[in-house]
Amino acid sequence: MMSIKSKILTALGAAVVLGGAAVFYVAESAPAEVVLPDNVSEVTQSGATMQVLTNGVLSTVSAADTRGPRHLTNRKCDRAYTSAGTVVCLLPVDALVGTKLVVLDNKLTERKTVPLTGFPNRLKVSGSGRMVSWTVFLDGHSYATTGFSTQTGILDTQSGTVVHSLEEFAPTVDGRPYKAADINFWGVTFASDDNRFYATMSTGGKRYLVQGDFARKTVRTLTTNVECPSLSPDGKRIAYKSAIDADPKKGWRLSVMDLSTLRSTPLAETHSVDDQAIWLDNATVGYGLQRDDGTNDVWSVPADGPGQPKLLIEGANSPSPPA
Amino acid sequence: MGFPNGHNRTGKGFDMPSRRARRTTRVAVAAAGALSVTAAVLVAVASAPEAAAAATTFTPVADTYVDNSATGTNYGTSGQLGVDNSPVKRIFLRFTVSGLSASVTNAKLRLHTDDVSGSNSPAGGTARVLSDNTWSETGTTWSNQPAVDGATLTSLGAVNRNAWYELDVTSAITGNGTFSLAVTSTNSDGADYDSRESGSTTAPQLVVTTNATTTTTPPTTNQPSADPVLVGAGDISDSGSGDTATAALLDNIPGTVFTAGDNVYDNGTASEFNTYYNPTWGRHKARTKPSPGNHDYNTSNASGYFGYFGSLAGPANRGYYSYDLGNWHIVSLDSEITKSAGSPQEQWLRADLAASTKPCTLAYWHKPRWTSGSNHAPDTTATPLVQALYDYNAEVIVTGHNHQYERFAPMNPSGTADSARGLREFVAGMGGAGFYGFGTIQPNSEARNNNTHGVLKFTLHANSYDWQFVPEAGKTYADSGTGNCH
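Those protein sequences? They're chains H and A, same order as listed.
Residue numbering for the first sequence follows the working numbering, beginning at 1 and increasing consecutively.
Residue numbering for the second sequence follows the working numbering, beginning at 1 and increasing consecutively.
Heads up, a few of these hints could be off.
[What the hints assert, rightly or not] Calculated lysine-lysine pairs in the PhoX-like style (CA-CA distance at most 25 Å, straight line):
1. K249(H) x K475(A)
2. K475(A) x K250(H)
3. K217(H) x K249(H)
4. K76(H) x K100(H)
5. K206(H) x K249(H)
6. K250(H) x K217(H)
[Stated by the list, open to error] What follows is a list of derived Cβ distance ranges for each label pair:
7. S272(H) x P279(A): 22 to 32 Å
8. S303(A) x A84(H): 53 to 63 Å
9. S149(H) x N274(A): 53 to 63 Å
10. V97(H) x G175(A): 41 to 51 Å
11. N317(A) x G175(H): 50 to 60 Å
12. N274(A) x D234(H): 51 to 61 Å
13. D418(A) x L138(H): 28 to 38 Å
14. R176(H) x G342(A): 56 to 66 Å
15. P359(A) x S272(H): 29 to 39 Å
No wet-lab data here; the hints were simulated from the structure.
A virtual CB, placed ideally from N, CA and C, is assigned to each residue, including glycine.
With these hints in hand, go ahead and build the complete structure from the sequences.
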């Protein structure tokens with residue numbers, strides 16, 4: 001039989017959906033009998049869900065009950081994201097086969113694939129579901145080392161345009177056109193117009209926050225020591241990782257920057273966060289953290305500074321905002 | 001636990017994993033309750049009895065259930081565990097038993113029924129054994145559930161709501177180690193128990209009783225033993241201090257020292273060997289049997305490596321060699337040169353293993369055939385070497401490359417668990433270099449750590465081996481166990 005708790009949850013959910021004046025005879029001391037037919041078997045995740053990876057398996061969990069039943073698909077990804085019905089997945093790499101970007105619809109039907117070279121790292125979809133951006137490592141595997149190199153690309157799912165590397169774009173550093181062989185990009189986030197974007201650009205030992213223009217193929221620097229920006233739903237702030245003492249070898253503090261003032265606020269998470277954070281809402285940032293045994297968990301932390309991190313989804317990483 | 005607040009099960013009993021809260025609690029529990037073999041014994045209602053006795057209680061390190069009416073759904077983080085035959089629900093529990101110093105005389109699985117209507121059942125389920133200890137709490141579903149392939153233990157009769165029940169699982173709990181149990185039911189009116197997420201007062205328990213309360217002195221590393229010791233790690237010396245910490249461990253561990261490649265960073269130059277390796281692990285050079293890694297080969301032909309180790313590294317400029325320790329044949333291989341079937345190295349290995357008269361075999365090289373590390377994918381090109389070792393019934397493979405520690409269950413060359421003839425692979429990349437992250441945890445991975453430098457010590461018995469992760473000073477990560485020769 002179906003677990004009684006699930007039944008009650010389902011009953012509550014149904015009552016809410018129906019908007020009826022249901023009366024619940026439930027209390028700590030004397031739980032009510034809530035009897036549902038046995039054919040209510042599958043726990044449906046009505047309402048908002050969050051997509052995550054569960055040890056590399058594309059999964060969803062109820063946003064309202066992130067510790068409730070988790071639906072695991074058959075699809076394996078090293079990094080995943082979803083927004084507005086566009087689901088994207090960077091396939092795992094093995095010794096012989098490289099990764100590729102797979103774009104799926106919300107029924108997980110493949111719509112497009114883009115073969116890539118490198119190790120999957122970052123992946124994001126714009127709020128509209130149109131612009132897909134990714135970062136892979138070409139050389140090295142860690143932002144904390146020297147001598148690594150990344151490749152960051154963008155797919156416009158509407159036009160089909162693929163920018164294989166942001167290094168094709170014309171950069172401006174501190175207002176001046178710039179050229180260098182050591183430029184790397186990572187961690188793109190798109191604004192609501194699906195043209196303006198933010199990303200990290202590294203060159204000459206500095207890691208800049210750049211603002212980009214997809215149509216004009218340009219990027220310009222705004223400030224330094226900003227990595228993996230993630231634009232808030234209201235478009236006013238970015239959550240990002242800030243290298244401690246501007247030295248990635250010391251780890252990163254998850255921070256939020258107001259884009260109008262470029263003023264930064266460190267968040268309450270004191271563990272080093274090496275992730276492109278997400279916004280659960282305009283007040284809350286979500287991110288993955290790995291335990292010493294390799295198990296990942298998704299945490300949330302207030303976006304304004306004070307407060308405490310909360311464990312959101314155990315045994316998961318690569319979260320997407322509730323949808 | 002709160003009711004019916006299924007939306008908010010935060011709070012008691014749910015620790016914060018990355019905060020490293022320890023899950024195992026030790027509570028003295030009365031061992032006096034008479035146990036019948038197959039019948040349910042109602043021990044107490046609502047809370048665990050406490051009394052002084054020679055029993056240790058463990059809570060699960062993982063528990064979940066699967067449901068064949070929701071085949072792709074995982075319930076690992078929920079507060080309950082369902083067992084049923086319609087739909088079919090099976091409970092999986094994993095316990096890590098440690099700290100026992102005498103043999104087990106009794107082990108009981110204790111389950112607490114949910115304090116909700118419908119948690120009762122005319123048949124509370126049957127405890128069974130499974131050999132797979134690598135199933136994941138948050139990733140196990142009906143579709144990918146581990147096989148319940150072990151013995152059927154005992155069964156419960158009727159269970160009531162909000163009460164404790166015990167299943168005798170003595171035959172499954174053989175001592176210290178990791179054990180997975182399943183609870184299944186043939187009754188279509190199932191039972192619901194509290195999971196470890198429900199809180200410490202209702203979480204499942206494994207109560208293990210040993211035959212003596214006397215303090216048995218466990219064997220220590222200082223205890224003289226006739227059996228040879230092989231100790232070492234890979235990914236060792238750079239400009240940092242990690243290798244200083246691991247070399248200090250070697251100072252107190254006699255025996256033969258192995259290296260699993262990447263002896264020095266970044267380029268394997270003679271200067272790096274002299275500057276970084278020689279002052280630390282170099283103190284033990286005379287008893288070292290190295291193997292080379294990709295960084296050693298950053299200097300052409302690994303000339304820095306061969307120049308520094310000389311004849312200790314086997315025939316000049318070849319890269320692979322073997323030797324014997326007690327009843328063991330030890331093979332040092334070179335993952336940085338061709339290892340394909342028919343290659344000189346693979347042909348040499350087959351001939352070498354064929355000529356060996358020792359009953360047990362251990363091999364080491366740099367790049368792991370199996371790894372969950374995020375920085376380097378598994379090296380499938382090592383398969384011909386693994387196949388040769390498997391064909392000759394070898395026991396252990398030690399590698400490095402990903403800067404972390406990982407231990408796998410014995411597997412055959414295709415990566416399937418094989419308790420009869422499988423090779424147990426270790427990734428011992430914790431010799432000193434900076435740590436790497438983990439990616440997707442691969443099948444049959446049994447232990448992992450990436451915050452503790454250390455060395456891996458093998459004690460090579462006549463027909464078995466003990467492994468022990470020895471952590472750097474100030475750290476506590478531990479992993480040890482025993483395996484038999486095939």
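| message | Does the beta carbon distance between P359(A) and S272(H) stay inside 29 to 39 Å, or does it fall outside? | response | violated, 47 Å
| task | Quickly compare the C-alpha distance for K249(H) and K475(A) to 25 Å and report which way the hint goes. | result | holds, 21 Å
| message | Taking the Cβ atom of N317(A) and the Cβ atom of G175(H), is their distance within the range 50 to 60 Å? | response | With Cβ atoms ~56 Å apart, the hint holds.
| task | Could you see if the CB distance from D418(A) to L138(H) stays within 28 to 38 Å? | result | holds, 37 Å
| request: Return holds or violated for the Cβ distance of V97(H) and G175(A) against the range 41 to 51 Å. | output: holds, 43 Å
| said: Against the range 22 to 32 Å, how does the distance between the Cβ atoms of S272(H) and P279(A) compare: consistent or not? | reply: Hint holds: Cβ distance 30 Å, inside 22 to 32 Å.
| query | For the pair S149(H) and N274(A), does the Cβ-Cβ distance stay inside 53 to 63 Å? | reply | violated, 30 Å
| query | Are the Cα atoms of K217(H) and K249(H) separated by 25 Å or less? | reply | Distance ~32 Å between K217(H) and K249(H) Cα, so the pair is violated.
| Holds or violated: are the alpha carbons of K250(H) and K217(H) at most 25 Å from each other? | violated, 33 Å
| request: Given the hint that K475(A) pairs with K250(H), test it: the Cα-Cα distance must not exceed 25 Å. | output: holds, 20 Å
| query | Hey, K206(H) versus K249(H), does the alpha-carbon distance stay inside 25 Å? | reply | Given that 25 Å is the threshold and the Cα spacing comes to 13 Å, the pair holds.
| query | Lying within 53 to 63 Å: is that true of the beta-carbon distance S303(A) to A84(H)? | reply | holds, 57 Å
Of the hints listed earlier, those the structure fails to meet are numbers 3, 6, 9, 15, in rising order.
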